[in-house]
Amino acid sequence: MIEIEFLADEHGNQQVIDLITSIADRAMNDKDYAELAARIAQLLDYMKDIGVPPIEKRTLYGISSAGNPITLVNVVKELNNHPPLMEARANWRPVGAFRAIFFYEIDDKGNQSIYFTKAVIKQATYSRDFEHAISASEKMMVEFFKPE
Amino acid sequence: MANKNYNDVMGILRQVPKVNEHLNKISVIMGKKILKRRLELGLTQKEVVAMIKDHGDTFTQATLSKIESGADNIKSETYDKVFVALGGLEDLTPTFKGNPKGKDLIHS
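From first to last, the protein sequence lines stand for chains A and B.
Each residue of the first sequence is one higher than the last, beginning at 151 in the working numbering.
Each residue of the second sequence is one higher than the last, beginning at 4 in the working numbering.
Any given hint could be a false lead.
Chain B side only, calculated, beta carbon under 7 Å to chain A, not exhaustive [unchecked claim]: (1) 5; (2) 6; (3) 12; (4) 19; (5) 56; (6) 92.
No lab work stands behind these hints, which were simulated from the structure alone.
Just so it is clear, the structure is predicted and the values come from calculations on it, not from any experiment.
Every residue gets a Cβ at the ideal spot worked out from N, C-alpha and C, and that includes glycine.
Here chain A stands alone, though its shape is the one from the complex (with noise of 0.2 Å):
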């Protein structure tokens, strides 16, 4: 089983449902947000059914039908430096690089519990806004594990 969870903010805002739903606000008139709003229902439905797959399991390179070495992306990732923070990623070249950060816990079962901080839409490999949405879902992860 497969859980979902968007934690708010110490403001109490869920900034990671606030951005899908103006990407989704936008995409009623926009063709390009339209693409991306599609790519994000797909990757949380895919979420939703198979979860965080263990590293080994996903692929992070393979060889194209010409033999070439080609890097595959994922559609979850290690967020290096900040274990045990991950990204969800859905791209859209015309609108963007969309990007949630997340954590998960699972247990013996194998069950596990997602549960997103914060998203960004990334223009470019850096960027700043992408940092800070890091340091503000670290500090959102400590206070989740905080002992009441």
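Given chain A, put chain B in place with the hints provided.
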């Protein structure tokens, strides 16, 4: 105000034109089912590709990755190779929604 949940988010997204159609595309449905089956069997993409090649077929990891991501333009024979490697299909039955013309269906 109560926090929104997964169903609320999907409801918001499904209101966008073409999102429902996208989620119901054969390629998207098949991609998810194949990825899920591979993970249930504990196989890597590389292992599935090797199994297909053992049958004497040509196949690449890039193709399997495209299939699992729900990419379009995958031939039915390509799906068939993956199905066989993952144990074979027991059933594949599309279930239609309502009649697009709004008429009662004719039953013989």
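These are the hints, each one checked on the structure:
no.	hint	result
1	5	violated, 11 Å
2	6	holds, 6 Å
3	12	holds, 6 Å
4	19	holds, 4 Å
5	56	violated, 12 Å
6	92	violated, 18 Å
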